[in-house]
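K.L.:
Okay, here's what each chain looks like letter by letter:
There are 2 protein chains.
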Amino acid sequence: MTQFGPYLTVNDAGRLEIEGLSVVDLAEEYGTPLFVISENTIRTRIRRMQKAFADHYPNEMIVCVGMKANWGLALRRVVVQEGAGGDAFGMGELTVAMLAGSDPRKIVLNGANKAEEALRGAIDMGVMIQVDHEDELEAVERLAGEMGKTARVALRIRLPLDAIEEAVYVDPRYPEGISPTYWERTFKFGLDPESYFAEVEEALAMKSISLEGVMYHGGIPRRAGYYREETEELVDMIGEIKKRYGWTPRYVNIGGGFVPERVGHDLPPSIEDYAKAIGEAIVSKCAEHDLPVPVLLAEPGRYCVDAAGIWVVRVGSLKDDRSLANKKWVYVDGNTNEMGDPFDPYNRIHHVVIANDCGRVGGEVVDIAGQTCNAADVLVKERELPPMGIGDYLAFLDVGAYNEGFACQSNAIPRSATVMVCDGRSAVVRRRETVADVLSRESVPSWLMA
Amino acid sequence: MTQFGPYLTVNDAGRLEIEGLSVVDLAEEYGTPLFVISENTIRTRIRRMQKAFADHYPNEMIVCVGMKANWGLALRRVVVQEGAGGDAFGMGELTVAMLAGSDPRKIVLNGANKAEEALRGAIDMGVMIQVDHEDELEAVERLAGEMGKTARVALRIRLPLDAIEEAVYVDPRYPEGISPTYWERTFKFGLDPESYFAEVEEALAMKSISLEGVMYHGGIPRRAGYYREETEELVDMIGEIKKRYGWTPRYVNIGGGFVPERVGHDLPPSIEDYAKAIGEAIVSKCAEHDLPVPVLLAEPGRYCVDAAGIWVVRVGSLKDDRSLANKKWVYVDGNTNEMGDPFDPYNRIHHVVIANDCGRVGGEVVDIAGQTCNAADVLVKERELPPMGIGDYLAFLDVGAYNEGFACQSNAIPRSATVMVCDGRSAVVRRRETVADVLSRESVPSWLMA
Numbered sequence: 066m067t068q069f070g071p072y073l074t075v076n077d078a079g080r081l082e083i084e085g086l087s088v089v090d091l092a093e094e095y096g097t098p099l100f101v102i103s104e105n106t107i108r109t110r111i112r113r114m115q116k117a118f119a120d121h122y123p124n125e126m127i128v129c130v131g132m133k134a135n136w137g138l139a140l141r142r143v144v145v146q147e148g149a150g151g152d153a154f155g156m157g158e159l160t161v162a163m164l165a166g167s168d169p170r171k172i173v174l175n176g177a178n179k180a181e182e183a184l185r186g187a188i189d190m191g192v193m194i195q196v197d198h199e200d201e202l203e204a205v206e207r208l209a210g211e212m213g214k215t216a217r218v219a220l221r222i223r224l225p226l227d228a229i230e231e232a233v234y235v236d237p238r239y240p241e242g243i244s245p246t247y248w249e250r251t252f253k254f255g256l257d258p259e260s261y262f263a264e265v266e267e268a269l270a271m272k273s274i275s276l277e278g279v280m281y282h283g284g285i286p287r288r289a290g291y292y293r294e295e296t297e298e299l300v301d302m303i304g305e306i307k308k309r310y311g312w313t314p315r316y317v318n319i320g321g322g323f324v325p326e327r328v329g330h331d332l333p334p335s336i337e338d339y340a341k342a343i344g345e346a347i348v349s350k351c352a353e354h355d356l357p358v359p360v361l362l363a364e365p366g367r368y369c370v371d372a373a374g375i376w377v378v379r380v381g382s383l384k385d386d387r388s389l390a391n392k393k394w395v396y397v398d399g400n401t402n403e404m405g406d407p408f409d410p411y412n413r414i415h416h417v418v419i420a421n422d423c424g425r426v427g428g429e430v431v432d433i434a435g436q437t438c439n440a441a442d443v444l445v446k447e448r449e450l451p452p453m454g455i456g457d458y459l460a461f462l463d464v465g466a467y468n469e470g471f472a473c474q475s476n477a478i479p480r481s482a483t484v485m486v487c488d489g490r491s492a493v494v495r496r497r498e499t500v501a502d503v504l505s506r507e508s509v510p511s512w513l514m515a
Numbered sequence: 066m067t068q069f070g071p072y073l074t075v076n077d078a079g080r081l082e083i084e085g086l087s088v089v090d091l092a093e094e095y096g097t098p099l100f101v102i103s104e105n106t107i108r109t110r111i112r113r114m115q116k117a118f119a120d121h122y123p124n125e126m127i128v129c130v131g132m133k134a135n136w137g138l139a140l141r142r143v144v145v146q147e148g149a150g151g152d153a154f155g156m157g158e159l160t161v162a163m164l165a166g167s168d169p170r171k172i173v174l175n176g177a178n179k180a181e182e183a184l185r186g187a188i189d190m191g192v193m194i195q196v197d198h199e200d201e202l203e204a205v206e207r208l209a210g211e212m213g214k215t216a217r218v219a220l221r222i223r224l225p226l227d228a229i230e231e232a233v234y235v236d237p238r239y240p241e242g243i244s245p246t247y248w249e250r251t252f253k254f255g256l257d258p259e260s261y262f263a264e265v266e267e268a269l270a271m272k273s274i275s276l277e278g279v280m281y282h283g284g285i286p287r288r289a290g291y292y293r294e295e296t297e298e299l300v301d302m303i304g305e306i307k308k309r310y311g312w313t314p315r316y317v318n319i320g321g322g323f324v325p326e327r328v329g330h331d332l333p334p335s336i337e338d339y340a341k342a343i344g345e346a347i348v349s350k351c352a353e354h355d356l357p358v359p360v361l362l363a364e365p366g367r368y369c370v371d372a373a374g375i376w377v378v379r380v381g382s383l384k385d386d387r388s389l390a391n392k393k394w395v396y397v398d399g400n401t402n403e404m405g406d407p408f409d410p411y412n413r414i415h416h417v418v419i420a421n422d423c424g425r426v427g428g429e430v431v432d433i434a435g436q437t438c439n440a441a442d443v444l445v446k447e448r449e450l451p452p453m454g455i456g457d458y459l460a461f462l463d464v465g466a467y468n469e470g471f472a473c474q475s476n477a478i479p480r481s482a483t484v485m486v487c488d489g490r491s492a493v494v495r496r497r498e499t500v501a502d503v504l505s506r507e508s509v510p511s512w513l514m515a
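If you're matching them up, the sequences are chains A and B in order.
To convert, count from 1 in the first sequence and add 65; that's this note's numbering.
To convert, count from 1 in the second sequence and add 65; that's this note's numbering.
Pulled out of the complex, with its shape left as it was, chain A reads as follows (with noise of 0.2 Å):
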């Protein structure tokens, strides 16, 4: 039986199933496009994770699923159940998470400017506050006292990595290569080292602020196969905090950036190279400087819900055109719009199998275009694909991360509904959008009326 994961599979009759279920009939009860996502993926990606690290780390590691990667409320329902929690951006990642029931201790607030109601909301949850900056620390410091509580906090930091200077990364995002220490060193999030000791300094002497823990996302360097360096200089950073102020963290976060793997690509390092490498750099160190082993907290969001995820959309009608493009056309009823993976390592290259007939035998190089205006909107490329008619349903795979979160409704085109599967049984988790939704907010002032 050909399989393209544990729980997507191909039948006797050549027809694709997502946990048991058929994604052809799927696609006929609920309509197209449609993403469905795998439950039982979505748990077994958490605890092979949380697996991973029991073997490797001496403490407690919380798995923090980022809620950019997919904030679906179901999803964070299952998330829960397996006893992980979110990293969260804003007041409307919270109150998902808080809607899912998540334990507080396992949910941290991200962002470079946070809103004062996110704050509060952090605030009134026991929620750890990962502080992106000096004037943040300042106003979480204000608003806690007003609000008579203490604050959770953690400092975000970026790091030189001078260990890993000259390092170069080349993915097929980035073909001619892009340099893992400019990238950690000049983005948006953190602060350098230098501005690092003295907002320790500040915040151990803040009333309404019980600091907590120190927060590092790997980014571009994890990916690029740094964690070892980079999770040695983030410990001895920390072991410098000790010598200068006798403050060590409950808590140390390293962020998010673990590549997963995905059918018909190379294998990246995987989890458990992961967990093992983090786990001996951080247990080793802390020796070194003589800290006690943190509990650890990690954000990873593509590798725990990109496989989770197929797109369904059918083909409406085919264009071939010899004389001035040398090009043929599959024209499918879903679009750009909600496939925008800003973040994909692998530069939008989905692996496409035709559901109702997997496999279909010969070859022809098309595009697969969507009905927006945009001329940009080509989900699939000059890619050799097993002939295709009207009426053919294709599955895109590995979508569970970030294409539904950055959906948009350009040319006012509504977007798709997302069902969930577990075990044969199917429900709509996110209902399919409406032209009414899409106008929703809109009004016309009076004196337009005439």
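Among these hints, one or two may not hold up.
You can't tell identical chains apart in this list, so a pair holds if it fits in one copy or across any two.
Okay, derived cross-link-like pairs now, SDA-like style, lysine to any residue, Cα gap no bigger than 20 Å in a straight line [what the hints assert, rightly or not]: (1) K393 with P225; (2) K341 with H330; (3) K392 with F252; (4) K393 with E199.
Source of the hints: derived by calculation from the structure; they are not laboratory data.
Since chain A is already given, all that's left is putting chain B on it; use the hints.
P.N.:
For chain B alone, kept in the frame of chain A given last:
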């Protein structure tokens, strides 16, 4: 008095005014981030284009303001009052056109894979369907037949543009240059000339289709300045159709791609330049081929609406890092979720004005960043601006096109309100989104209630 436009001025107190209203007052009344649309700017732009063609074109000319650029209902009401129409994609934009009271003769339906629902809508409304390719022509014939109606049809063409074969287009978005002919020949819309002849013949033989028009969209070739060459080639093609089939189009639609001026940038051709060259090309080529001069349609989007819109954000905090990044960040309460115009010929370089103090002197190089988790959520990168402080209101100019239409809700962040202003009056035309709106489509399956 400093002026950024006829309806965008600076008052004696150094504050930015739009249609006689203080932008700071609008920000304080309606909150930030806030889009503000100047009604009279839209009226002025449409009238100027209508006059330019009236001066240079001997038959009727219909301005179909591209709905994709801004489909706001109140904005469309202004367009209708000016005797203009629109170019719609899909049922959402058709619905807005209808609600705004559009004359169906001034609306066209575009798209490469139009949904049956939208085709039926256009047939019912009497809107001209700009058919993209053969499959679609057949679908229109079938649907119109089933409905017992006649569908008004134009066929959309791509042209070889042999006369500009060697041209290279360079602008801030394509600094290394792209080929306008490659772009025109291979983009996803329309028929190649060879297929075009066959489809004209087929359409003329169809029972439920009234073939009325020819459609060609300028796009990059027009932006690159080849509007005379492409127009001549288009009319030569129509002459050839007449010779073969004896048919001439009542309507010719030349699409969009008219670059508007923008504050702080070099001036592109004026709309009068476009109208003169295009008008002369059509008239002389029609004479050469013994064709009647058709009713002309054009689809300006950005030209009519971009300068009408500003976006107002408030500075929330500052971060100065001279040790690691050598950068200063100015954090505002808006973000790139709403400033993502993908077609911007100026490469997202918007002029920024400190609305509460337009005359502030001095300069420092800053990044203006938003609140999302996206490292690329930087609205202005390394630009010298007067020193800014917390509480300043920043106005981004020339944002009326494509930014609201392509806005997403990443990090579950609600979108801005939009206010229309006219001669000292103001009214909300798109209400501010709430967290409840963002979450309104969510549900949880029963099996996750445990």
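K.L.:
If a hint holds in the structure, say so; if it doesn't, say that too.
P.N.:
Hints, verified against the model:
no.	hint	in the structure
1	K393 with P225	between (49 Å within a copy, 17 Å between copies)
2	K341 with H330	neither (23 Å within a copy, 54 Å between copies)
3	K392 with F252	between (40 Å within a copy, 10 Å between copies)
4	K393 with E199	between (55 Å within a copy, 13 Å between copies)
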